[in-house]
Amino acid sequence: MSRNAANRKQRRRLLNRVLFSGRSRFQALAAMTSFVFGLVLLLVSLNLAIGIYRATRPDHGMHADYLIVNKRVSIGGMLTSMRPTFSEREIERLRAQPFVVDVGEFTTSRFRVSLIADPAASRPTDASDDVSPAAGIGMEMPLYTDLFFESVPNRFLDIVPHNWDWTPEAPHVPIILAREFLNLYNFSFALAQGLPQIPESLVGAMAGWVTISGPHGERTLPARVAGLSDRFPSIIVPASFMRWGHDQVARQRPERPSRLIVKTGRPADSVMLDYFSSHDYQINSERLRAGQFGRMAFVALGVVGGVGTLFVLLAVLLLILIYRLQLAEAAPRIGLLLQLGYSPPILTRHMLRRCWISVSFIALITAGVLTVVLPAGYRRLHDLGFDTGQTLAPGTLIAGVAVLGVTTLAHWITIRHAITANNPGT
Amino acid sequence: MQIELDSLMPKPLIEVFSWHSDIWRRNVCFESGKRYQLDAPSGNGKTSLINLLCGLRGDYEGDWRIDGRSAAGYDPIDWCALRRRRMAVMFQDLRLLPELTVDENIRLKTVLTETALTPAPASMLAALGLESLNGRTVGSLSWGERQRVALVRALSQPFDMLLLDEPFSHLDADNTGIACELIDQACRERGAGFIMTSLGYDYPLVTDQRLKL
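Chains V and F, in that order, give the protein sequences. Once you know that position 262 of the first sequence is 262 in the numbering used here, the rest is easy, because the numbers rise by one and skip nothing. Once you know that position 9 of the second sequence is 9 in the numbering used here, the rest is easy, because the numbers rise by one and skip nothing.
Because the hints were derived from the structure by calculation, they are not lab data. Where a beta carbon is used, it is the ideal one built from N, C-alpha and C, also for glycine. Mixed in with the good hints, there may be bad ones.
Residues on chain V that point at chain F, a partial pick, calculated with CB under 10 angstroms [to be verified]:
1. R3
2. R8
3. Q10
4. Q339
5. G341
6. S343
7. P344
8. P345
9. T420
10. N423
Label-pair ranges, simulated between beta-carbon atoms [stated by the list, open to error]:
11. R8/V - G135/F: 15 to 25 angstroms
12. R8/V - M1/F: 26 to 36 angstroms
13. D22/F - A5/V: 47 to 57 angstroms
14. D22/F - F26/V: 55 to 65 angstroms
15. R416/V - R85/F: 39 to 49 angstroms
16. P345/V - D202/F: 38 to 48 angstroms
17. D174/F - A363/V: 51 to 61 angstroms
18. R85/F - A5/V: 20 to 30 angstroms
Here chain V stands alone, though its shape is the one from the complex:
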């Protein structure tokens, strides 16, 4: 250590003895402890709230941002055979709502659809390794069923298979199946009927023949499951195939849509929920549960964060009051140091340095507590179905730095005041 550095160190030690002779040390420690406590409450709730906000925000994998909306089926409607479809105006009005980002219409087939699961269908069109087990499934499971098709605009799909742009020349009709359907088959139907379960990796090889029929004839085409969707509890085909089918066999326009898909920026918005219930629209509430829980969690975290903020405010106040008390106790000695030639900048630097050490100490302890508390919070959120990831949000960091910054600033003002007040000759 150079002579100067040793000198500075000695000077700091002496100044600490002169200025902070330890009478208020315990009080300061208590205030710092409550400060850390409040800061942890504030930052944890803030960070978790940011995580939940992100998890329930649009474009996140939770799909709470896509809602499927339909009208309630009423007895009156059943008697009059009026279908609960959405008119052009209703859709426009919905589209104009502030919580709506985009609205898409489900187009439902007006032709009959039947499917024969047939291994032969896959052979000429696909040479991949997936073929033979799929063929095996087809043979073991000769299946004939009546179906329905729906289509939605491509921009609403959660997966777009590579051969989704269907033309009449395409080797087969791609179909997107709700993952729920596969689960229903695997865990209920297949078990009950003693049929083999189908792993998701082999779903792409499920193939068969689709027959569509209407007043104007009948067409049979090879078809293949192109993917599984979490978003649609339905059987989705390309819009181009839907149009073609109507032209070929139904020769009439599809009906007004009876289901809509709504992309929303605020899945937990109460205004949105009120809007739907006042118009007697139903939404797939399962999807909304996360959003609703998110809202509750926001409120809970808001309360915790509020308590934390209050704690921080009181603790900062307490810290400053204790600091003022310390400096008031030291006032005659501050005056004496100034008389000896310790200039205001020297004293300010010294006291700020001390304050910095305290603040860094608080920051370090807070960070240490956060590394323990936050992962536990994340685990809890994960158990509740929130995929928030385990990151410290920049917002949390900024809030922490801001609180510490304001605390330092308040100390600085107190220091300046104490030094100016004790300046001799003024």
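Based on these hints, arrange chain F on the given structure of chain V.
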């Protein structure tokens, strides 16, 4: 360093001022190479003058200048720098920190000025018989002992002008003699002068000018 007083008068003295003075309301010049003793009975403003000259009070009429620059133009930072580098003060009421030890009181000054000093503070303490008291808190010392500590602290820094406010009031003849020697030595080493107030006694210290306050 040149200190010029220009019709200076501390405000508290205005009402009572009625005696002949070589300082108050006169034009006087103190130069850093020279030694001044200012004699006056108590109540004539000795301490006021010392505090005024080191910037600890600003309540005066008239003007005074340091090296041609009006003292009114000095801000607290300037005064601190002046007291740290160019002007050493020994206060009449000593202004030591009673809870610190003798050694710490001296070091509080030396760690601030960061200058090698002659005579060295330790040797001055030894000369004044304070060596064995080094680790004692100043609060536990007699006034005479404290006065010697205050003198050593004042001499433990660089200066052009030393301000001494009745520095020997509680010292016996032997210690006064040693203190005078140390003052003389420190001033010679620095090429500095002093302004010393006293009640009018003679000390074994050569002065260039004695003035009546």
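For each hint, the structure was consulted:
Interface restraint check: R3/V against chain F, minimum CB-CB distance 8 angstroms, threshold 10 angstroms, status holds. Residue-level restraint check for R8/V holds (minimum Cβ-Cβ distance to chain F is 8 angstroms; threshold 10 angstroms). Given the 10 angstroms rule on beta carbons, the hint for Q10/V holds: about 5 angstroms separates it from the nearest Cβ of chain F. This hint holds: Q339/V has a C-beta 6 angstroms from the nearest C-beta of chain F, less than the 10 angstroms allowed.
At its closest, the beta carbon of G341/V sits 3 angstroms from a beta carbon of chain F; the interface hint therefore holds under the 10 angstroms criterion. Against a cut-off of 10 angstroms between C-beta atoms, the interface hint on S343/V holds, since the closest Cβ of chain F lies about 3 angstroms away. Look at P344/V: its Cβ gets to within about 6 angstroms of chain F, closer than 10 angstroms, so that hint holds up. Because the closest C-beta pair between P345/V and chain F is about 7 angstroms apart, less than 10 angstroms, the hint holds.
Evaluation of the T420/V hint against chain F yields a held restraint, the C-beta minimum of about 8 angstroms falling below 10 angstroms. Given the 10 angstroms rule on beta carbons, the hint for N423/V holds: about 5 angstroms separates it from the nearest Cβ of chain F. The hint said 15 to 25 angstroms for the Cβ distance between R8/V and G135/F, and at roughly 23 angstroms that hint holds. Taking 26 to 36 angstroms as the suggested C-beta distance range, the pair R8/V and M1/F conforms, at roughly 28 angstroms.
At roughly 49 angstroms, the beta carbons of D22/F and A5/V sit within the given window of 47 to 57 angstroms. The hinted window of 55 to 65 angstroms between D22/F and F26/V holds, with their beta carbons roughly 57 angstroms apart. For the pair R416/V and R85/F, the supplied restraint of 39 to 49 angstroms is violated, since their beta-carbon distance comes to about 24 angstroms. For the pair P345/V and D202/F, the beta carbons lie near 43 angstroms from each other, so the given range of 38 to 48 angstroms is met.
For D174/F and A363/V, the Cβ-Cβ distance of about 59 angstroms falls inside the hinted range of 51 to 61 angstroms, so the restraint holds. Hint check: R85/F to A5/V, Cβ distance near 21 angstroms, so the stated range 20 to 30 angstroms holds.
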